[in-house]
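Chains as they are written, first to last, in my numbering: chain A, 366 to 528; chain B, 7 to 483.
These are computed hints drawn from the structure, not numbers from a lab. Misleading hints may appear alongside valid ones.
With a straight-line Cα cutoff of 27 Å, these simulated DSS-like cross-link-like pairs (lysine-lysine) come out [what the hints assert, rightly or not]:
| hint | chain 1 | residue 1 | chain 2 | residue 2 |
| --- | --- | --- | --- | --- |
| 1 | A | Lys503 | B | Lys59 |
| 2 | B | Lys388 | A | Lys420 |
| 3 | B | Lys388 | B | Lys407 |
| 4 | A | Lys420 | A | Lys503 |
| 5 | B | Lys341 | B | Lys388 |
| 6 | B | Lys124 | B | Lys114 |
| 7 | B | Lys432 | B | Lys171 |
| 8 | B | Lys114 | B | Lys407 |
| 9 | B | Lys199 | B | Lys432 |
| 10 | B | Lys249 | B | Lys192 |
| 11 | A | Lys486 | B | Lys59 |
| 12 | B | Lys171 | A | Lys420 |
| 13 | B | Lys124 | A | Lys503 |
| 14 | B | Lys59 | A | Lys484 |
| 15 | B | Lys407 | B | Lys432 |
| 16 | A | Lys420 | A | Lys484 |
| 17 | B | Lys377 | B | Lys432 |
| 18 | B | Lys171 | B | Lys407 |
If you're wondering where the values come from, they're calculated on a predicted model, not measured in any experiment.
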Amino acid sequence: MRRDGFTIIEVLIYSALLAIFLGATFAFISSILGTTDTLLERNELIANQEFVEQKLSWIVAGATNVVAPIANSSSSRLQISVVSSTLNPSIFTFASATGEIILKTGSMASASITNNRVKVKNFWIQNFSNNQSTSTLKISLSLESSIYPNLVSTSTFFYALSQ
Amino acid sequence: MKDSKLMKNRNGQSLIEILIGLALIVLGLGSAVVLVYGGQLMLLDRDNASTAKSLASEGVSGASRIVKNNWSVISDGNYGLVFASGTWQFSSTSDISLNLFTRRINVKTVGTNQREIKSTVSWSPDPLRNLSVELVTMITNWTVVQDTGGDTGGGGTTGDWQNPKTLGSVDLGPGNSATDLDVINKIVYMSSKASSAAKPDFFIVNATNGQSPSIASSLNTGPGLNAVDVAGNYAYVANDDTKNQLQIISVSNISNPVLVTSSTFSGSEGGISIFYKGNKIYFGMEQNASREFYVIDVSAPSAPVVLGSYEIGADVNSIFVSGDTAYLATAIDSKELLVLDVSNPAAITESGFYDISGGANGLTAYPVDTKLYFGRASGSNKEFDIFNISNQASPALLVSKDISVDLNDLRIRDNLAFLGTSDSNKEFQVWNISSSSNPTLWSSFNFSQVATAVDYEDNLVYVAVRSNDALRIITSQ
Chain A
366 MRRDGFTIIE VLIYSALLAI FLGATFAFIS SILGTTDTLL ERNELIANQE FVEQKLSWIV
426 AGATNVVAPI ANSSSSRLQI SVVSSTLNPS IFTFASATGE IILKTGSMAS ASITNNRVKV
486 KNFWIQNFSN NQSTSTLKIS LSLESSIYPN LVSTSTFFYA LSQ
Chain B
7 MKDSKLMKNR NGQSLIEILI GLALIVLGLG SAVVLVYGGQ LMLLDRDNAS TAKSLASEGV
67 SGASRIVKNN WSVISDGNYG LVFASGTWQF SSTSDISLNL FTRRINVKTV GTNQREIKST
127 VSWSPDPLRN LSVELVTMIT NWTVVQDTGG DTGGGGTTGD WQNPKTLGSV DLGPGNSATD
187 LDVINKIVYM SSKASSAAKP DFFIVNATNG QSPSIASSLN TGPGLNAVDV AGNYAYVAND
247 DTKNQLQIIS VSNISNPVLV TSSTFSGSEG GISIFYKGNK IYFGMEQNAS REFYVIDVSA
307 PSAPVVLGSY EIGADVNSIF VSGDTAYLAT AIDSKELLVL DVSNPAAITE SGFYDISGGA
367 NGLTAYPVDT KLYFGRASGS NKEFDIFNIS NQASPALLVS KDISVDLNDL RIRDNLAFLG
427 TSDSNKEFQV WNISSSSNPT LWSSFNFSQV ATAVDYEDNL VYVAVRSNDA LRIITSQ
């Protein structure tokens with residue numbers, strides 16, 4: 366009797382090994398693809414957060430006065446008087462319905478400073494007027510991914526206004 | 007025979023093949039894990055770096071505000087920050103955020119009115135990786151800068167000050183030697199004494215191009231000038247005459263200085279030192295029968311008003327006013343360093359003094375923070391002194407260094423002292439003052455004549471020389 370093939374046991378063992386290998390491979394590829402998506406969205410969150418921070422720093426650097434929120438109060442709207450006439454006034458508004466932060470500078474048209482891959486969950490400004498002679502702004506920003514709502518980025522920025 | 011046939015037909019993998027296959031699988035899976043984990047790690051690092059940058063930026067902003075509003079109270083050192091009751095406050099030597107980031111604020115004095123704020127945020131994602139973000143800013147004590155007419159001295163020292171070189175020089179003409187200078191934004195205002203009263207004694211040098219400074223204009227105010235201090239659009243000069251000792255010159259047009267007014271002080275001796283601060287002139291004279299120290303309101307430069315005076319009984323060779331305190335280098339044998347309270351110019355009082363060993367006159371005084379750098383005439387004493395003036399009423403001598411010649415003027419920047427001396431071979435000297443207890447000579451420069459005055463601006467030192475080659479601009483490059 367010629368035994369050129371595999372025994373049934375061998376076939377079963379090989380099949381099981383192949384199944385385990387293919388399963389693991391699939392799981393890994395799926396995990397890598399999923400992680401890549403998550404990384405991209407997380408990256409988007411950080412990029413949006415940094416962009417908002419840069420816009421705030423840019424406007425606050427030229428600030429002469431904080432119009433809203435008034436001293437020792439808080440609001441989701443930040444209005445600043447700035448030195449540049451083309452940028453004055455500069456207004457950051459939280460559009461909660463669409464999950465955006467809208468910036469309007471001077472007479473220019475309003476524009477969203479966050480993109481549609483993130484949703485702004487919170488944008489809250491506290492204006493501390495204190496014995497340091499000028500205002501200190503505490504700005505809380507919370508963003509979540511539009512695709513993966515469990516991805517959240519929360520940060521707080523402080524600006525001591527040089528007036 | 008049957009067994010050998012069976013063996014021949016066993017075509018499955020050998021052990022070595024299986025091992026290689028397994029190794030390849032492990033390698034592939036391992037690479038995938040590293041790839042995925044590495045990507046996540048990179049993103050985490052970026053996230054952390056972004057947060058750290060925000061914390062560092064916040065640190066610079068908060069610390070700058072604290073230091074600006076409490077300039078004299080905050081001393082150099084490391085601090086942590088807390089935001090409480092709507093204000094930033096220093097607390098401890100560092101602070102921790104999000105259980106990961108350690109922030110340390112370093113405050114360092116780099117000039118008379120300038121401080122460096124360094125905000126360092128460090129974190130360790132794992133025990134083998136220590137990461138940090140560092141932001142640095144420079145802040146200026148604007149209240150004082152405003153008081154001194156914008157004479158900040160510019161940026162800190164760079165380059166090789168162990169090998170100073172001449173960048174440019176100016177000749178004020180035959181028989182004219184420089185007595186003092188003041189530099190603001192690369193415009194040099196110089197006082198001089200000439201061999202003839204008919205020659206000009208006030209010069210404005212445009213040193214915008216330091217390699218070829220040129221005289222923009224000159225003015226003859228009398229027999230000669232001993233000192234100059236410039237603030238805003240006016241130069242205040244001490245005239246070496248028995249009358250018109252204080253003169254005020256409009257320099258709003260550097261090509262055409264105009265004498266605005268002259269004031270005569272009783273005693274018939276010359277003015278020798280002058281210092282501007284906050285719309286007031288602090289004026290020192292040679293010993294005379296009247297008084298030698300005056301405080302003059304120059305808020306209206308065309309009509310100066312004497313607010314008060316003080317009897318010194320000797321020459322007032324140099325004046326530096328910090329806050330409400332005037333530091334005088336005098337010719338009094340027992341009070342070479344005299345400290346006056348000038349908070350009320352109408353009632354000036356002595357708040358302290360130091361009787362330095364030997365009787366040689368004090369020639370120059372320059373306070374920085376809690377230290378005062380002092381120069382004296384040559385004698386049996388040592389000429390370069392450093393005092394601790396934390397307690398103004400009782401200056402404490404930290405060290406005296408012997409330079410064996412007159413120390414005519416000095417300026418301090420960072421860890422360096424720039425000295426103008428009468429040493430025939432080392433008229434210009436640079437000292438390393440990192441250690442207040444042991445300053446050391448770093449380098450020197452030989453001029454043709456005595457260095458009478460020194461001013462510093464933006465890593466250049468301007469030296470007034472008692473010779474034709476009256477202005478020397480020294481660089482470290």
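Open item on the list: Just to be careful, I want the Cα atoms of B:Lys199 and B:Lys432 compared with a cutoff of 27 Å; is the pair within it?
Closed with: holds, 23 Å
TODO: For the pair supplied as a hint, B:Lys171 and A:Lys420, confirm whether the alpha-carbon distance does not exceed 27 Å.
DONE: violated, 46 Å
Task: Pairwise hint evaluation, B:Lys192 against B:Lys249, where the allowed Cα distance is 27 Å at most - done: violated, 32 Å
Task: Given hint B:Lys432 paired with B:Lys407 - CA-CA distance at most 27 Å - done: holds, 15 Å
TODO: Decide if the proposed pair is consistent with the structure: A:Lys486 and B:Lys59, CA atoms, cutoff 27 Å inclusive.
DONE: Within the cut-off at roughly 22 Å; holds.
- [ ] Compare the distance between the alpha carbons of B:Lys124 and B:Lys114 with 27 Å, and conclude whether the hinted pair is satisfied.
- [x] Since the Cα atoms of B:Lys124 and B:Lys114 sit roughly 8 Å apart, the hinted pair holds (cutoff 27 Å).
Task: 27 Å limit on alpha-carbon distance, applied to hinted pair B:Lys341 and B:Lys388 - done: holds, 15 Å
TODO: Quickly compare the C-alpha distance for B:Lys377 and B:Lys432 to 27 Å and report which way the hint goes.
DONE: holds, 25 Å
TODO: Given the hint that B:Lys388 pairs with B:Lys407, test it: the Cα-Cα distance must not exceed 27 Å.
DONE: holds, 5 Å
Task: Restraint check for B:Lys171 with B:Lys407, where alpha carbons must lie at most 27 Å apart - done: holds, 24 Å
Open item on the list: Given the hinted pair B:Lys59 and A:Lys484, is their Cα-Cα distance within 27 Å?
Closed with: Holds, at about 23 Å.
- [ ] Assess, step by step, whether the Cα of B:Lys388 is no farther than 27 Å from the Cα of A:Lys420, and give holds or violated.
- [x] violated, 58 Å
Checked against the numbered hints above, the structure breaks hints 2, 10, 12 and satisfies the rest.
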